[in-house]
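A.B. asks: Chains as they are written, first to last, in our numbering: chain A, 22 to 330; chain B, 7 to 169.
You may find that some hints are simply not true.
[Unchecked claim] Quick list of the computed label-pair ranges, beta carbon to beta carbon:
#1 A:Glu37 <-> B:Pro105: 55 to 61 Å
#2 B:Glu54 <-> A:Thr269: 53 to 59 Å
#3 A:Tyr59 <-> B:Val22: 26 to 32 Å
#4 A:Thr269 <-> B:Gln35: 41 to 47 Å
#5 B:Gln35 <-> A:Phe147: 31 to 37 Å
[To be verified] Partial selection, computed: residues in chain B whose CB lies under 10 Å from chain A:
#6 Arg13
#7 Leu29
#8 Gln35
#9 Glu54
#10 Leu78
#11 Ser85
#12 Leu129
#13 Ala148
#14 Pro151
#15 Leu153
Since the hints were made in silico from the structure, they are not lab data. Beta carbons: idealized from backbone N, C-alpha and C, even for Gly.
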Amino acid sequence: MARLSPSGSARLFSPEGLRTARLMMYLLMCVALMAMDYRGHYVPRIRSAIEAAFEPLYHLVGLPSRAVKTVTEYSRSYQQLLDENRNLSEVILQQSGSIQQLRALQEENLRLRALLEATSGRHFEFRFAEMVQVNLDPFSHKVIIDRGSRDGVFPGQAVLDGTGVMGQVADVHFGLSTVLLISDPDHALPVQIARTGLRTVAYGTGETATLLLPNVPQQADVRLDDLLVTSGLGDRFPPGFPVARVTTVDRDAGETFSVVRARPLAALDRGREVLLVIQRDADATGPKENMPGNNEPGQAAEDSQEATE
Amino acid sequence: MSPRRERRSTLVLVLVVAVLLTLLPLPGQLEALRPYWVGLVLIYWALELREMVSLGLAFLIGVLLDVLTASLMGLNALSLVVLIYLVQRFRARLRFFPPWQQALAVLGLLVNDQIIRLWVTSLLGEPLPTWRYWLSPLVGMALWPWLFLLLDRVRAGRRRASS
């Protein structure tokens with residue numbers, strides 16, 4: 022009887038002890054995995070491979086909500102459609118007016134840049150993508166979109182929605198990509214205050230309604246409701262896109278920096294449609310693109326994809 | 007088909023359904039009510055067919071779930087390994103509980119699981135969740151007797167179909 026045996030080794034190899042030993046082993050493996058995923062670089066690759074293998078599952082899960090959407094679209098009344106159509110035409114008219122103005126400004130900008138012999142800047146194209154309606158861990162601050170490597174998506178690509186910056190592409194598969202939201206505690210976004218041009222960094226806090234700007238100098242001119250836009254530093258996000266509005270400014274006399282909080286403009290937790298940003302040099306003639314994230318290891322693969330476009 | 011292979015295919019099938027139910031998007035407030043489907047299914051299998059659900063299997067399924075729900079790698083694995091260990095440890099007692107008492111035990115297991123998750127995510131600097139976070143174990147408890155009967159039926163049905 023192992024249980025009656027006084028020696029420790031016999032108890033260790035009893036079924037009970039064996040089970041505890043195995044529990045310990047698996048717990049260690051879990052903790053190691055978590056630590057590696059949090060700080061290391063090997064786990065994302067494993068994750069990416071498994072995700073790619075199970076891609077069809079995501080499409081399958083997305084089906085019901087797509088079906089619901091189709092049904093509700095079909096069942097809308099004629100009057101509702103007419104109203105919506107009229108509203109949309111109005112919006113288009115307004116926006117095309119402002120776009121004409123913008124185009125004139127852009128031309129002027131290019132001419133001035135030429136006079137200064139500066140680089141001719143960049144212009145942006147947008148590609149429409151839709152979120153795949155899949156329930157992910159709310160702590161992960163990720164969403165999945167229905168564009169992948171076959172559409173030329175690359176890691177680090179900026180993702181916007183109609184109102185502001187949402188995040189950046191974290192992982193690319195064949196027909197899907199995962200997007201890391203700006204609310205992730207590990208995400209840092211170079212921004213500037215539109216009114217004053219003050220440059221700083223906005224960190225995610227884990228809450229979708231709050232970004233944190235911990236290193237704004239005490240005497241800096243920051244007011245409530247100031248608009249934060251991307252500064253373009255770091256070469257990942259294009260400059261000038263709206264990010265958030267300042268909600269609180271805490272100035273503690275004893276500290277070097279005041280703590281500023283801001284509310285993201287993009288609908289991080291409830292959006293559906295997103296835009297992927299493609300940056301090009303304005304004077305580039307060929308299809309050669311100046312991609313952000315040129316230092317990404319996957320650059321060679323991206324180049325080959327662009328060549329096939 | 008051998009009975010053993012048949013039982014394994016049943017487990018795989020039920021697990022796939024559980025994973026799909028986990029990933030299925032729910033409108034707004036219902037999200038918090040989603041029970042821990044994979045956990046419940048594995049508790050059932052560990053109770054009824056001990057030899058099929060090992061800690062290793064729980065670990066593998068957990069890692070898979072981590073990837074699919076994009077959570078921290080190892081979080082679901084940790085949760086399932088602890089869950090299955092506890093079920094194995096108290097299996098003899100749990101099996102002979104009347105259904106309502108078993109449901110209470112399941113509630114205990116699921117609350118313990120939520121505490122483990124909370125501990126890990128708070129180590130990562132995430133803010134504390136709202137009280138809705140604790141609704142999911144209650145839903146799991148309410149579902150447990152029905153799920154138990156349903157899975158019994160599924161297994162019996164598959165056995166008859168294969169013989």
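A.B. asks: Where does the structure disagree with the numbered hints, that is, which hint numbers, in rising order?
C.D. replies: Violated: hints 1, 4, 6, 8, 9, 13, 14 and 15.
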